[in-house]
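Here are the chains, one letter per residue:
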Amino acid sequence: MRTARKRQLSAYVALFPAFVIVLFAYVATVGWNIWISFTDSKLLPVNTFIGTKNYERLFNTARWDISVINVVVFGVLFIAGCLVLGFLLAVALDQRIRFENTFRTIFLYPFAMSFIVTGLVWQWIMNPTLGLQSSADAIGFSWFRFDWIVQNDRAIYVIVLAGIWQSSGLVMAIMLAGLRGIDRELWKATRIDGIPAWRVYLHIVLPILRPTIITATVLLSISVVRVYELVLATTGGGPGISTEVPGKFIMDYLFGRSNIGLATSAATVLFIAVVIVVVPWLYAEYFREKRRGIV
Amino acid sequence: MRRLLTAFLGATALLSIAVTGAHADGKKAEVLHWWTSGGESAAVGELANVFNAAGGQWVDTAIAGGGSTARPVGLNRILGGNPPSAMQFNTGTQMNDLADQGLLRPLDDIAEQGKWKDVLTPAFYNAIQYKGHIYGAPINDHGYNWIFYSKPVFEKAGITEEPKTWDEMFADLNKIKAAGLIPVAVGGQPWELQSMFNNILLGEGGRDIYLKIWKDQDTAAVKTDKFKHVAEIFAKLRNYQDVGSPNRDWNVATGMLIDNKAGIQFMGDWAKGEFIHANKVVGKDFGCILGPGSSTFMMGGDIFVFPILKDAVAADAQTLLANTIMSKDGQLAFNSKKGSIPIRLDVDTSKLDLCAQKGIEAVKDPNRSVLSYDVLAPQDIVQSNTDLIAQYWTNPSMTTDQFVQQWVQLMEQAK
Amino acid sequence: MMSALTNSAQRGRKPARLSPGRVGLYCFLVVSAAFFLLPLYVMVVTSLKAMPEIREGNIFSLPQMWTVEAWSQAWSSACTGLDCGGIRVGFWNSVRILLPSMVLSIFIASMTGYALSFWRVRGANVLFAVLLLGAFIPYQVFIYPLVRIYATIGIYSTLPCIIITHTVFGLPILTLLFRNYYGSLPEELFRAARVDGAGLWQIFFKLMIPMSIPMLVVAAILQVTGIWNDFLFGVVFAGRENLPMTVQLNNIVNSTQGEKLYNVNMAATILTALVPLVVYFGSGRWFVQGITAGAVKG
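Protein sequences appear in the order of chains A, B and C. Residue numbers 1 to 295, in this note's numbering, belong to the letters of the first sequence in order. Residue numbers 1 to 415, in this note's numbering, belong to the letters of the second sequence in order. Residue numbers 1 to 298, in this note's numbering, belong to the letters of the third sequence in order.
Each hint should be verified, as a subset may be incorrect.
Short, incomplete list of chain C residues facing chain A, as computed with Cβ under 8 Å [what the hints assert, rightly or not]:
#: 1; residue: Val95
#: 2; residue: Ala129
#: 3; residue: Tyr144
#: 4; residue: Pro214
Since the hints were derived computationally from the structure, they do not count as laboratory data. Just so it is clear, CB atoms sit at the ideal spot from N, CA and C, and this is done for glycine as well.
Chain A with its partners taken away, still in its complex shape (with noise of 0.2 Å):
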């Protein structure tokens, strides 16, 4: 009986540090950002309560509603994107390739540098006076057409492209070592089997590594609804303003534009929809199964 009471302290004790965290930084700071959302701040945050203005004001800004259409396109391609080659180029260095740590680090580096410089350098690479459409003109492959990102409605591809490039590798890392803590046996049984290997992929390792493939998705749904300085360093929001995002809204208006009352009611509106979205499948994920802890 006692061990299992020491065992229950120990726990508490464990968990302490992210309580505190969890309570001091994540709960203040949301109640927070809801009180303020409902005041007048402009530059600094004040006290003056002005009751729901900042939403009326948000719900009848343009920018505000091309910001959500385009989250949402975002990121299901990005997401989409991300995963598929990041499996794929995962499971491609676990062949025991030559030049691993190579091809490894090329694939990650994206992630490693400051995309605010790489972003410009895509930004260059789309453009089509400077970039790939004009070089392909220049070598006499004038029908090469690559100039989606000064385009009102296919900008927002190019920041997929380039959302794509920037995190695949880290996705790819994951799965890597996702794949890299599966028993070497399963492939020994397999092959006995006689079964093909992209049946091996799709029906014995895709379900192995679903954990992975969550934590995965999870990491990148958590990118899209921050994306920030993807969007700012290729596109700046526009062409005008038709790849605006609502992590630059909330951003923008926070400290440049001096209206923290309106940033805080978008960045409220932002999390009531990650919570609708979020809770219902964390529930299912790890609220049903009891299959833990035998305290």
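Starting from the known structure of chain A, arrange chains B and C on it as the hints suggest.
Relative to chain A, chains B and C alone:
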């Protein structure tokens, strides 16, 4: 593993013994600003030299990214109890909230002593005040509404004179197009487009309508025919840019003039820095126009505000700094490297370049100068307006009427 | 290609024969590598040109006149304000921030992930849920409240302040990582250790940590990147004496009204990225396979 961990934690503890807090010995002043390029650094260096020579000690905290990065950092330092001695702001309404909360030191006594009222234009003297007290020490005067042009391109297109009206301007732009070059080097970032629009509004629309819209927030002025005419000129210019303009940096656009690929660029006087860096000479390789239409000078600039410091010695350093900033020596030294013009009207400006001289001449006449839109109006309106103009520029299907209507709506929403 | 995949995955040594499948595999890798390397190529090439050549706008062309001027400028003489000392000014500060932050954040996260994964504690799942939801909030929103909290405690603008901040922000994702990883480990191991009488901490240090080497590597990669490249937290929370290298990088790259030296910007960015890159490259030996092989029989 455990031992390694302990070692790390021990090392962390040792490393964490850091001394913090702003304590001032002598006349130490920590100055927070966003001047970080080569040219700007030289300008700051000049000002710091004057300050140090007068007994001060300049401690530099530079954070690039202008208002959106440096200002929040400074704000948070003030809120967190670790304020710098002085902070750079742009002239105008930005400092109002801080002054309102009582976080800034009023400079009335220093201004009285230095007779600031006599040496500043009325417009600027008003701009540094809030509710009757002075809070900002201005350092410079940037001209926002220049049109720079490449002389070789003009020559090639057969243009012999600077255009004085917008009809002449369009005729010239057509000539440049016919010569196979790009008429207007546009940087498609929203703030650049907004700057371009207001350049035309001031030049073609005139001082009155400009002030009605930005200073008085008069929505009736937006609905006039004159405004519509300006909006139409702006829209027409869409046809004179090149296809790569979206999100282009202003420096790259200036580069197009430097390389004689494009004819004109709407930009502020800081663009001179790019020309000078590329060894181009004003008057020979490039020129500058105030206009077309009325040649009113749109002014803005940088000021320093002073958070309240408890330490008496530190406050002394602030006084010295404020005086240095407004001194003739300080202003001349700083502005000669910065490309802007001194804000004091009694500084000897004979050595400054041709474009600066044009600006100074305009500043001396109160009717030929006006504060820039982001000084006159609250940031909120200015920034939301940026989005609208950017939308208008990139959506040819947006009509002038829709544009006007949304502008009015914007102004009413922000009230 | 298919047979190549299963063959090679199970054998211990690299296949010597170059089958068509193998060739296809390498083709895929090389094409992918080209896609990833394209911007780097532009960056390196730009950093080796002088500004007049860059202004002409041929971003893919090799330099007509090679010069490493931009690199030395970026490292030691680029202007970042009044001082013109390049990015090396902040290098040791970045290190001083990185090491403790990494250790602390990974330690707390793995401990939390472990406790959440194996021990039934009341309310733990709620804790985890709130933590994860918090990760979705754009981090700039945290600045104002955190400044107030730190100022009240009295540690604002110090090294511990920035270390704690990095721990706070690393916690959600790292905890998720570790929790999922531990969740995928066989429970028999854990039960066997419990039967042997081991306590929570013993199991953690003696069993879990050694088994989570691949995840520690991934966590290290995430943290090194996030912390080394962090700018906003460093500039707000670290205090003037501890400003990381990214502040100088930002000052070089983001000057608003001054001239932009693109070659210096590129060089500075690459230089700043070298530390995470070295970590990536060196992490190879930890991506070993078969950690659990042989540990569980049947």
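Do the hints match the structure? See the list:
1. Val95: violated, 16 Å
2. Ala129: Holds, about 5 Å.
3. Tyr144: holds, 6 Å
4. Pro214: Hint holds; Pro214 of chain C Cβ to chain A Cβ min 4 Å, cut 8 Å.
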